[in-house]
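Based on the hints, put chain B in the right spot on chain A.
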Amino acid sequence: MKEFKGRPLTGGTFKGEAVVSHVGFNTLASLQKSAMKAQPIICSDQNNPDLYGKPMTGKVFCLPVTIGSTTGGMILQTSCQMGINFGAMLFSKEADSLALAGLILAKNWEENYIVGVDKLGDDFLNYVKDGMTIEVTEDGTVKVYE
Amino acid sequence: MTKMKLTAEEKAILDGSQGEVMAKILKTLVMFGEAVGATDFVPVKNCGHLVTSFGLKMITPVYKIMDEIIAAGIKAPYGFTADPRPIDYENVKCNPIEKLVFSKFMYSKQKDYEEQLKKIGLKDSDSFTCACYLDDVGNKPKYGEAIGWAESSAVVFANSVLGARCNRNSGMIDIFQSIACRALNYGFMKDEGRKAKWIVEVKTTKKPEAQILGSAIGMKVVEDVPYIKGLDKWIGTEINEDVISYLKDFGAATASNGAVGLYHIDNVTPEAKEKGKDLILSDAKVYVIDDHEIERVYKSYPVMWKNPDAKPKLCFIGCPHATFKQLNWWTEHIGQKLNEHGKKKVNTQTVITAAPAVAEKFRKTENYQKLLSYGVRLSSICPLMYTNNPLEKSKPIITSSNKLRTYSNAKYLMDKDILETITR
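So the sequence lines, in the order shown, correspond to chains A and B.
At position 20 of the first sequence the residue is numbered 20 (the numbering used here), and the sequence of numbers has no breaks.
At position 120 of the second sequence the residue is numbered 120 (the numbering used here), and the sequence of numbers has no breaks.
Keep in mind that the hints were calculated from the coordinates and are not lab data.
All values derive from a computational prediction rather than experimental measurement.
Worth double-checking, as some hints may not be accurate.
Unchecked claim - To spell it out: a stretch of chain A is covered by chain B in this simulated footprint if at least three of its residues, at any positions, have a beta carbon under 8 Å from a beta carbon of chain B; those stretches are: (1) 69-83; (2) 97-104; (3) 108-122.
As the list claims (entries may be wrong) - Here are the computed distance ranges between Cβ atoms for each label pair: (4) A/G24 - B/K140: 43 to 53 Å; (5) B/G37 - A/G24: 14 to 24 Å; (6) B/K93 - A/Y145: 16 to 26 Å; (7) B/N307 - A/V23: 23 to 33 Å; (8) B/D283 - A/K119: 17 to 27 Å.
Claimed, not checked - Derived pair list, reagent style BS3-like, types lysine-lysine, alpha-carbon separation capped at 27 Å: (9) B/K313 - A/K119; (10) B/K220 - A/K93; (11) B/K313 - A/K33; (12) B/K99 - A/K33; (13) A/K37 - B/K109; (14) B/K285 - B/K313; (15) B/K111 - A/K37; (16) A/K119 - B/K306; (17) A/K54 - B/K220; (18) B/K5 - B/K313; (19) B/K99 - B/K109; (20) A/K33 - B/K203; (21) B/K393 - B/K325; (22) B/K195 - A/K37; (23) A/K37 - B/K104; (24) A/K33 - B/K93; (25) B/K203 - B/K190; (26) A/K33 - B/K393; (27) A/K33 - B/K57; (28) A/K93 - B/K5.
Idealized CB from N, CA, C, for every residue including glycine.
For reference, chain B alone in the conformation it holds in the complex:
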């Protein structure tokens, strides 16, 4: 294994200069770093993000480590946000058996765990979202800044759209890096690790659905970096709210259907704008995506429902959490479709999820009242954690999220098909 180069301060921490717990935290990072080929640490001077937001009963070692950290008086100096909460009984209805399973068996530690997180630096009680990088939430690293996150959809967004530097970390390694104010220097931290091994040529005749395009690319390139050409024709070259929404969903699909941690889009993402084709390795492979390929990928998804023709009982929109723009888009389009079908309310329990700060902003708008009148609920829950309940595995759930499809039995539908299904 490669030996990491440590500073005198880091060596002293390992020797206990900042206490036994801090020494263990750094020792864990060094062991992990040497196994993955990290050369040294880079400083982290910004807000962290914790993937383990859920008080799952069984992860007792996490609670024990948090107790040790609290007892040692250690905190993440720049604070951190965390992934969404796993339960929201007010907006995502559960029957008594489901509630029992969630509250007593699965997430029985949620309240205690949140108390622990506050003590070690959780920004505030509204910090629970996977889309922490949105302006309304405010955990938005700058171009070139090193971060140590683990949430895969946030990592790929931060690397690609913001130009920050972050590896695809594991849970706990993320909070250790935030506490130590250091990230391991390997992979995406280095210029050579950010070069593309794939050229993806988008040759569709219309704007490709973000979720399917991301899925296709993720499944093809797996963990490699793709350089995507031809997408600027459909999304433009400016990173505005529409593009942020598109790339959020696209990136989450690349990261969950494959293991992509960074992509470049010609003329769009910051490093592609700055360095252009210099980002492409000379032996890069080529993947062409046309209408047929999008259709082939869409049709390849298995339906995991016991009865594939069952009527959906639940629809989740917003994984990763929806942007403000997307909340308005869904409200307007659900309204239009209901009108077309002569209906007043959706025919399926429908939940749109967004970060607490985004949801709060939206609740102050007229569209929120409209959304409620259509029978749709707004929540900040994590749909993934909700569907993790064994009772939900047999429930026919539809979703506009390819990430949720991948990690649950939910059936993915394109946005237009979701609209049609819930309003007809």
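The shape of chain A in the complex, shown without the other chains:
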């Protein structure tokens, strides 16, 4: 087990399976197809070689930051309302304002929300691999089990 410490964004705890993107995550491009059908998320961003075609609902999603359209935050919020959201979003860098808005909008306006932690560092993203079990605690501690 390896432990990392980041900044908690929305509070809460979550334990689940990791899915990892090493490049900026285009929220609209990735979630659009699934959200249109209100079906569990299968990443639809062809420009993301790490994630394209992978299931993401209920996963612990590890990423640097999100990129793309300013609708990105609303799409994250939408995924929470539909109940198809990630369990957690763990950012190696400081979360970008679009992702932050999505996490915070969901936290305040939806029943479901995504546990968010940022500033986990590049070591975190280099270490974590798809399929690893990750436990996130209230104070932003992230435990990665091989």
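Just chain B now, kept in the frame of chain A:
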């Protein structure tokens, strides 16, 4: 996280003095503000602008929040404008399948959503444009005024050309700030956040294409503030209609090809005129742009079409929405080029987009009849939202907009190449 300093009134709002919905709006802003390092709120006393202008079927939480706001009797006190509409069947022709996808699957909520927007303070039904800051539209904040917009091309124009103060906000955070009459105080709101981390030296031998210069700078400095020297040689020092058109397109390219929210141009933009080189941080990096660099950047854009040599089927001009000056410029130059080639009409479906108020003014001129006679249509649609349709991704579209190129499969061409392509 930094704790924001709140006034007694703000604390009372959080405790429900103005109702549960207003408390949730402010709580959302405070949570967001504390995550981005805002120290407090600054008052907003002007018209807002909403980036989410489209009734995209899937964004159901937005409609639910709007319903809650309406039910609570809350409005944006100073009103707001909004980004362009996503559909205009009259001027941007669609086949039946495209219409079906737009109307039934993608933007099926458009009509209902516009009704919601009216109830919470949309200025009027002609308020749909990304270029809300143009005189003809009238949502033009004054120098030093705080605003809470999210549309990236409008944010960078307001900050840089008007000297207003605005962060690069997310959708919904924009309308919440307009409703709360408060903007989060961080980043570009503060003097230190407006200082330049880059000096850009323009050393071209001719006026650089705004769209490519902006793209080059955006890709280099990403989200930092650039201080641009040498451009006044080409655009002059007065902010007139030509310069507004140039900087509108330049800024949109910096914001979409990078994430620039503010630039200063030596001897041109208001803060650069006032404070000059005091705006440059001591450890600023230098980026030199010459003819070769412009050419290198232009050639670096990938062609996303399935067949890169395909004949274009659609041409979009005006993203961000064109100015009145630009509508006249395109009309005159399309006419000249058609004459040169001995043609009467353009050979590609061509749409120029402009704000409803600008388009209305232009429709009263002789040039509008000329433009129509050339086979060109004038619309107030959002080309980005139009190309967001999965069916359009396989269509060979050309554009004079680097922003549209970035967010779609459209191929960017310089103005002279657009003219040549659609008239030959």
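Hint check:
1. 69-83: It holds: at least three residues are needed, and the region 69-83 of chain A offers 12 whose Cβ sits within less than 8 Å of chain B.
2. 97-104: Holds, because 6 residues of the region 97-104 of chain A bring their Cβ atoms closer than 8 Å to Cβ atoms of chain B.
3. 108-122: Satisfied; 3 residues make the cut.
4. A/G24 - B/K140: 43 to 53 Å: For B/K140 against A/G24, whose Cβ atoms are near 33 Å apart, the range 43 to 53 Å is violated.
5. B/G37 - A/G24: 14 to 24 Å: Between B/G37 and A/G24, where Cβ atoms are some 21 Å apart, the hint holds.
6. B/K93 - A/Y145: 16 to 26 Å: violated, 57 Å
7. B/N307 - A/V23: 23 to 33 Å: Holds - the Cβ-Cβ distance for B/N307 and A/V23, about 27 Å, lies within 23 to 33 Å.
8. B/D283 - A/K119: 17 to 27 Å: The hinted range 17 to 27 Å holds for B/D283 and A/K119, with Cβ atoms some 23 Å apart.
9. B/K313 - A/K119: violated, 46 Å
10. B/K220 - A/K93: holds, 20 Å
11. B/K313 - A/K33: holds, 26 Å
12. B/K99 - A/K33: The given pair, whose Cα atoms are some 19 Å apart, holds under the 27 Å limit.
13. A/K37 - B/K109: OK: A/K37 and B/K109 at ~15 Å, within 27 Å.
14. B/K285 - B/K313: Judged against 27 Å, a Cα distance of about 42 Å means the pair is violated.
15. B/K111 - A/K37: Answer holds: B/K111 to A/K37 is near 21 Å, not above 27 Å.
16. A/K119 - B/K306: violated, 39 Å
17. A/K54 - B/K220: violated, 32 Å
18. B/K5 - B/K313: violated, 55 Å
19. B/K99 - B/K109: The given pair, whose Cα atoms are some 14 Å apart, holds under the 27 Å limit.
20. A/K33 - B/K203: violated, 45 Å
21. B/K393 - B/K325: Between B/K393 and B/K325 the Cα gap is close to 31 Å, so the pair fails against 27 Å, i.e. violated.
22. B/K195 - A/K37: violated, 45 Å
23. A/K37 - B/K104: holds, 13 Å
24. A/K33 - B/K93: Judged against 27 Å, a Cα distance of about 25 Å means the pair holds.
25. B/K203 - B/K190: violated, 31 Å
26. A/K33 - B/K393: holds, 14 Å
27. A/K33 - B/K57: Status holds; Cα separation ~12 Å.
28. A/K93 - B/K5: Roughly 26 Å between the alpha carbons, so the hint for A/K93 and B/K5 holds.
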